[in-house]
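Student: Respectively, the protein sequence lines represent chains A and B. Position 357 of the first sequence, counting from 1, maps to 357 under our numbering, and the rest follow consecutively. Position 48 of the second sequence, counting from 1, maps to 501 under our numbering, and the rest follow consecutively.
Mixed in with the good hints, there may be bad ones.
Computed footprint of chain B on chain A; a stretch qualifies when at least three of its residues, placed anywhere within it, have a C-beta under 8 Å from a C-beta of chain B [claimed, not checked]:
(1) 7 to 15
(2) 63 to 75
(3) 246 to 259
Using 16 Å as the maximum straight-line C-alpha spacing, the simulated EDC-like pairs for lysine to aspartate or glutamate come out as follows [unchecked claim]:
(4) B:LYS455 x B:ASP480
(5) B:LYS528 x A:GLU9
(6) B:LYS456 x A:GLU3
(7) A:LYS229 x A:GLU297
(8) B:LYS528 x A:ASP15
(9) A:LYS5 x B:GLU534
(10) B:LYS456 x A:ASP66
(11) B:LYS528 x A:ASP16
(12) A:LYS355 x A:ASP387
(13) B:LYS455 x A:ASP66
(14) A:LYS229 x A:GLU242
(15) B:LYS456 x B:ASP535
Bear in mind the hints are in silico, worked out from the structure with no lab data behind them. Source: prediction; values computed, not measured. We put the beta carbon where it would ideally sit given N, CA and C, even for glycine.
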Amino acid sequence: MLETKDILETIQMIDDENLDVRTITMGISLFDCIDSDPDKAAQKVYDKICRYAENLVKTGEDISRDYGIPIINKRVSVTPIALVAGACPSASPIRFAKALDRAAHTVGVNFIGGYSSLVHKGFGPGDYALIESIPEALAETELVCSSVNIGSTKAGINMDAVAKMGRVVRQTAELTADRNCIGAAKLVVFCNAPEDNPFMAGAFHGPGEPDSVINVGVSGPGVVRAAIKKMQPGASITEIAELIKRTAFKITRTGQLVAQEASRRLSVPFGIVDLSLAPTPAVGDSVAYILEAMGLEQCGAHGTTAALALLNDAVKKGGVMASSQVGGLSGAFIPVSEDAGMIAAARSGALTLNKLEAMTAVCSVGLDMIVLPGDTTADIISAIIADEAAIGMVNSKTTAVRVIPAIGKQVGDELDFGGLLGSGPVMPVNTYSPAEFIARGGRIPAPLQSLKN
Amino acid sequence: MKKAVITVTGKDMVGILARVAGICAQDGANVLEVSQTVLQDVFAMIMLVDITNSTVPFAQFADDLAVIENELAMKVHVMHEDIFNSMHRI
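Chain A extracted, bound-state conformation (with noise of 0.2 Å):
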């Protein structure tokens, strides 16, 4: 029997504390699309997410209706292309971001993720055109996103790739300078990489995965929120923490519905829910705003770790219980300019590029959405990748950055995406040099797995 409070406790949290289901998106395998013709390649990728993908969005807009529970967005992940690209090296693979992104606005999805590749331990045939090809790539499409896995744990950090990666992140910065470096915003770095996230930028459809699946990402940072708001004065952490995993139970049950009713509806495997509490710019739906109800003046003060370590354990404590298959990034994200909170830390200066690194040790990704000064040189952005990975490495854990570079501006300024990407203050780097070190190339081993102190 249902219970009044439970119903209007239901409605409130979709009405006032922005519960959504961040994301349905569709995996698919492209393994089959593979030819030496490059153009016979690309035609086929384009034909196979069409056909998979064709009812996706229409799916999705039937169960948000069904239970009256948003679902923010659609989205499609696809075989990292640097696998299918390999097979015709000689050929420029920007045809396959083409193709992808012709596809992702036939089906009608807003973002389209897997213009990736996975280099953690060397360069494989299709990987060196791929990775200098994502600047252009970003820049001459809208809808596709690009990731490239540069560390793991069991295989250590490229940092040939590493290096690489700083001029990719800059020069794609450089050729959207027009349209507020958006590129920057659609490429992550990652370390441990995981292969069924269904997250933008990050998401693309690892090569374990089955043909088609269907992952959900859930959210609600608002809703925590509002949870710990209501708590007594003086509340204890203890009783923070059972509250943080009552109220993240209930927020992945409505993931695990819409995941298994797209999975029935669509005819596709289900695959995880990821539990991630994922911030919208939107007043409330803050993962900074719960670290200060819980008592922090401001994100950044000192504390926030601890606090966020706490946040991040307990969502997963809770979810896990809700979730037949958990996966992807589960935790809290800490994108800077996705998170009101955090716009509001980083430009009052409580909230700094250190302070946020340390918080990486213990949230679910990494350093996300920061807005650099415009003359931050690609050696100082490898050298966070690489500071970034390390965390990645050591910790078993994924580690992700996703920075831009904002042409043309300085500490001060901001810049402004629009939409769920939002908009953020340029942060001021740490200017040394650490050019020398990551001209050196080669590869950090991967570390031990025992004495851990």
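We have chain A; now place chain B onto it with these hints.
Tutor: Here is chain B on its own, set in the frame of chain A:
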């Protein structure tokens, strides 16, 4: 049996229940249960309806009910009952 939950919240006035029930009757949704409270002028009604033999698609039913939102300046939600079951029941 396919069941949906209709919730209506807003300022109390004459005829809310009648208006909602009228739409249910028109679209072939059988009213199973109604509970309503008025707290300091805020009206909250929850109605459980059987939509197995509904004469219109669910989206149409939702659109018909949404008309009340503007007409009576109330908040109206209609949702499949599974969302509440999965969220609040293990």
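Student: Each hint needs a verdict: does it hold in this structure or not?
Tutor: A quick look at each hint next to the structure:
1. 7 to 15: holds (count 7)
2. 63 to 75: holds (count 5)
3. 246 to 259: holds (count 5)
4. B:LYS455 x B:ASP480: holds (14 Å)
5. B:LYS528 x A:GLU9: holds (15 Å)
6. B:LYS456 x A:GLU3: holds (15 Å)
7. A:LYS229 x A:GLU297: holds (14 Å)
8. B:LYS528 x A:ASP15: holds (10 Å)
9. A:LYS5 x B:GLU534: holds (14 Å)
10. B:LYS456 x A:ASP66: The given pair, whose Cα atoms are some 11 Å apart, holds under the 16 Å limit.
11. B:LYS528 x A:ASP16: holds (12 Å)
12. A:LYS355 x A:ASP387: Judged against 16 Å, a Cα distance of about 13 Å means the pair holds.
13. B:LYS455 x A:ASP66: holds (11 Å)
14. A:LYS229 x A:GLU242: Roughly 14 Å between the alpha carbons, so the hint for A:LYS229 and A:GLU242 holds.
15. B:LYS456 x B:ASP535: Measuring from Cα to Cα gives roughly 8 Å; hence the hint holds.
Every hint from the earlier list agrees with this structure, and none is contradicted.
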